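Mapping of the sequence shown onto our numbering: position 86 corresponds to residue 86, and the numbering continues sequentially without gaps.
Calculated directly from the structure, the hints in this document are not laboratory data.
One or more of the hints may lead you astray.
[As the list claims (entries may be wrong)] The calculated lysine to aspartate or glutamate pairs, modelled on DMTMM-like cross-linking and capped at a C-alpha distance of 20 Å, are:
# : residue 1 : residue 2
1 : Lys210    : Glu33
2 : Lys27     : Asp69
3 : Lys89     : Glu192
[Said to hold, decoys possible] FRET-style restraints, in silico, Cβ to Cβ:
# : residue 1 : residue 2 : range
4 : Ile542    : Ala328    : 40 to 50 Å
5 : Ser670    : Val615    : 24 to 34 Å
6 : Ser754    : Ala591    : 38 to 48 Å
Keep in mind that this is a model prediction, so the values were computed, not measured.
Where is the CB? At the ideal position from N, CA and C, for every residue including glycine.
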Amino acid sequence: MKFSHQLQFNAVPDWADYYVPYSNLKKLVYSIERDRILAGSTMEDIPNEQTALLDNQHHHNDNTTSHNDRFIAALDRALDRIVNFYSKKETELYDAVDTLLIDLEAQATAVASSTTTTTTTPVAAAHSDHPPQAHQNRQQQHKRTHSTSSLLATQNLADHDPEATRIDMGAMDDEREQLRRHAVDLFVQLSELKSFVSLNATAFAKILKKYDKITGSELKRYYTSNYVTKAYPFRTATKQKLNATIQRIEHGYAALTHQDDTVEDAVRELKAHLRDRIVWERNTIWRDMIGQERKVQNMGNVAERKLVHTPFGDLDRSTLSQLAWLVACLVVFFILLKTELFADIEQNRCFAILIFASMLWATEVMPLFATAMIIPLLVVVLGVMRSADDGHERLSAPEAAKVVFSGMFSSVIMLLLGGFAIAGSLSKFGIAKSMATFVLSRAGTRPSRVLLVNMFVATVTSMWISNVAAPVLCFSLIQPILRTLPVDSSFGSCLIIGIALASNLGGLASPISSPQNIIAIQNMDPAPSWGQWFLISIPVSIIGNMIIWLWLLFSYRPEKNTSQIHTIRASQDPITGTQIFVMLVTVVTIALWCVAHSLEGMLGDMGIIAIIPLVAFFGTGLLTKDDFNHFLWTVIMLAMGGTVLGKAVESSGLLRTIATSIQHMVTGFSTFEVLIVFSLLVVVIATFISHTVAALIILPIVAEVGAEMTDPHPRLLVMGTVFICSIAMGLPVSGFPNMNAVSQENELGKPYLSTKDFLRNGVPCSLLCLLCVTSIGYGLMNLAGF
Numbered sequence: 001m002k003f004s005h006q007l008q009f010n011a012v013p014d015w016a017d018y019y020v021p022y023s024n025l026k027k028l029v030y031s032i033e034r035d036r037i038l039a040g041s042t043m044e045d046i047p048n049e050q051t052a053l054l055d056n057q058h059h060h061n062d063n064t065t066s067h068n069d070r071f072i073a074a075l076d077r078a079l080d081r082i083v084n085f086y087s088k089k090e091t092e093l094y095d096a097v098d099t100l101l102i103d104l105e106a107q108a109t110a111v112a113s114s115t116t117t118t119t120t121t122p123v124a125a126a127h128s129d130h131p132p133q134a135h136q137n138r139q140q141q142h143k144r145t146h147s148t149s150s151l152l153a154t155q156n157l158a159d160h161d162p163e164a165t166r167i168d169m170g171a172m173d174d175e176r177e178q179l180r181r182h183a184v185d186l187f188v189q190l191s192e193l194k195s196f197v198s199l200n201a202t203a204f205a206k207i208l209k210k211y212d213k214i215t216g217s218e219l220k221r222y223y224t225s226n227y228v229t230k231a232y233p234f235r236t237a238t239k240q241k242l243n244a245t246i247q248r249i250e251h252g253y254a255a256l257t258h259q260d261d262t263v264e265d266a267v268r269e270l271k272a273h274l275r276d277r278i279v280w281e282r283n284t285i286w287r288d289m290i291g292q293e294r295k296v297q298n299m300g301n302v303a304e305r306k307l308v309h310t311p312f313g314d315l316d317r318s319t320l321s322q323l324a325w326l327v328a329c330l331v332v333f334f335i336l337l338k339t340e341l342f343a344d345i346e347q348n349r350c351f352a353i354l355i356f357a358s359m360l361w362a363t364e365v366m367p368l369f370a371t372a373m374i375i376p377l378l379v380v381v382l383g384v385m386r387s388a389d390d391g392h393e394r395l396s397a398p399e400a401a402k403v404v405f406s407g408m409f410s411s412v413i414m415l416l417l418g419g420f421a422i423a424g425s426l427s428k429f430g431i432a433k434s435m436a437t438f439v440l441s442r443a444g445t446r447p448s449r450v451l452l453v454n455m456f457v458a459t460v461t462s463m464w465i466s467n468v469a470a471p472v473l474c475f476s477l478i479q480p481i482l483r484t485l486p487v488d489s490s491f492g493s494c495l496i497i498g499i500a501l502a503s504n505l506g507g508l509a510s511p512i513s514s515p516q517n518i519i520a521i522q523n524m525d526p527a528p529s530w531g532q533w534f535l536i537s538i539p540v541s542i543i544g545n546m547i548i549w550l551w552l553l554f555s556y557r558p559e560k561n562t563s564q565i566h567t568i569r570a571s572q573d574p575i576t577g578t579q580i581f582v583m584l585v586t587v588v589t590i591a592l593w594c595v596a597h598s599l600e601g602m603l604g605d606m607g608i609i610a611i612i613p614l615v616a617f618f619g620t621g622l623l624t625k626d627d628f629n630h631f632l633w634t635v636i637m638l639a640m641g642g643t644v645l646g647k648a649v650e651s652s653g654l655l656r657t658i659a660t661s662i663q664h665m666v667t668g669f670s671t672f673e674v675l676i677v678f679s680l681l682v683v684v685i686a687t688f689i690s691h692t693v694a695a696l697i698i699l700p701i702v703a704e705v706g707a708e709m710t711d712p713h714p715r716l717l718v719m720g721t722v723f724i725c726s727i728a729m730g731l732p733v734s735g736f737p738n739m740n741a742v743s744q745e746n747e748l749g750k751p752y753l754s755t756k757d758f759l760r761n762g763v764p765c766s767l768l769c770l771l772c773v774t775s776i777g778y779g780l781m782n783l784a785g786f
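With these hints in hand, go ahead and build the complete structure from the sequences.
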């Protein structure tokens, strides 16, 4: 979690204006960085500035640069605001604590008098050890006097009237409950004040560290030791005084609740109240604010949405559009169920399920994984599965359910889980980022070279942490470059779309880089080894990146208005033993995947090898239960639904019927010509719908057509077709990398890319990469024996 989010999440909502303005200070740091670059400053100038800063022992002097002055002035304003707020809040809370303890002593005295007990109460003792502060106002003194008088009056009244004793003892219980609540409230507020100091101290440390890292200075140590630690809230004596006041509340609460012999129980009870308060605030305030922010970002301004009046209430047009598509899908589904397009009823019903699922996936009326989960339900209920022994005998519902569930969890799912474990470890322990920054730091300052290196980093990263996570990482790494670009530079747009297209291309680079590759492996018998996959995918990826790079240089001409760019610094963090262990497990797993066929007699399947990273990372505690819960389970469920759909299409005989029809249309075609036909079909489909969905629908048909040809090459056609799925990148909706790229905005909130950028660059790059796959890729697949 970013510290800005952590600060927002842990801050007391009512005090939000008095914390360090971390996000604003971070923007100021980036603004200073940009000013340095645009003004032609070099990093060699910075040590001289820092020497002057430290030699003069004061941050307001003539030798300090204007950049340092701007930043230090902002820090000073934040520090003054924190000191003023803390001093005011401390006085208010300490006065309230003194008032409470006097009231507790008076209440204890009244109780002691009513029971004719004269022993000193623990509250009085606690109070005598901690005398009240001198700055108590007249109103609080009046409150204490009134409270004490009422309690003593109650006690005197009880001496004369036994009936009043029972009534007024109830009044005393009510007052005791009020005091208890007041004690809890003060404990919570004092604890929040303690957290306020801690969070602000961390915020100062982190923003100063960021400033030093970006500007190359050493301001953190000087400013922290001379200003932050000397400010009143951050002094050791102030913290000790706050802790002592919290202890006074704990002892007073223990005496009030008759837990004075076991103060730990009282403290435990107070902390439980504190946790409840924090959970309540986070769940009711910040979660609502974050939810509202996301709603505004994702759906736009509600006031500007056009509402339509319906008998079911006012609905916006997007909701009505989804309902209309859902109704259309259902209508088509029921029509197909009643229409006899095929000789067998199982094929008719399976075709209806296929079209229904395809329409739901294409229109995204519901989440893709939810649609995938409908498939097993319909397959079993409609009875489309037939016996493998007798192709004309329909399986009963219990038998069909067993077949469906046995196919949903397969070795391919284990391969996905193993890939997620590797990706999670490489990301969590900074290995992916360190390797990427190491390469990018050597890219130089020429825009063309920086573009090419970033594209290759995106492709290689996509191989190991998936082409869903890779662009997110890469876009975060190039932020220092984007922040320092001139206003009229086209390099920002060029760089972002280059990373997106390269990440799409990286989707074909390894078997675990994208879900459609897993689906392809399901439809290849025997499944290719990792070595065979790399033999084809790596040359295609390299050449494809070069093609995209040349096209983007031609399209954007980035060096025309940007002669050089800001370099990215390599990570200086030392390599840890944990990172070495993660890399060792990763290398061993990948090596075993590469030679899986040679070890088939011992390991059986690549899915068994995938268990190694799962056990190694989760068994040692490197990955936790939360990491496991954060796996892309939606992708796994999508793959499960696609597996069931493939089994149903095959078992019902529909696959053979469709493949036979297509085979008649391509009769006399060579394997190369059939690959061209399927490639053109898939590149169009995958441009408009998810790459994974396109693979789910097309690959089983491709495999069957390839198997039925005179010169059968089903594995070649499947691999070539799945490569085409990955290089379909002509629209912003064509794959997650494109969606992520089109959402990138500059500091003014203006998007770097538009749909026109993808039409102008994504479409031609898709067609050029298609030619690469069907030429160079085709030759390599033949060489690999496909």
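Honestly, do Ser754 and Ala591 meet the 38 to 48 Å range at C-beta?
holds, 44 Å
So if I understand the rule, the pair passes when the alpha-carbon distance is 20 Å or less; does Lys89 with Glu192 pass?
holds, 11 Å
Straight-line Cα separation of Lys210 and Glu33 no greater than 20 Å?
holds, 11 Å
Do the alpha carbons of Lys27 and Asp69 lie within 20 Å of each other, as the hint requires?
holds, 16 Å
Using the Cβ atoms, figure out if Ile542 sits within 40 to 50 Å of Ala328.
For Ala328 against Ile542, whose Cβ atoms are near 44 Å apart, the range 40 to 50 Å holds.
Has the hinted range 24 to 34 Å been met by the Cβ atoms of Ser670 and Val615?
violated, 47 Å
When each numbered hint is compared with the structure, a violation occurs for hint 5 only.
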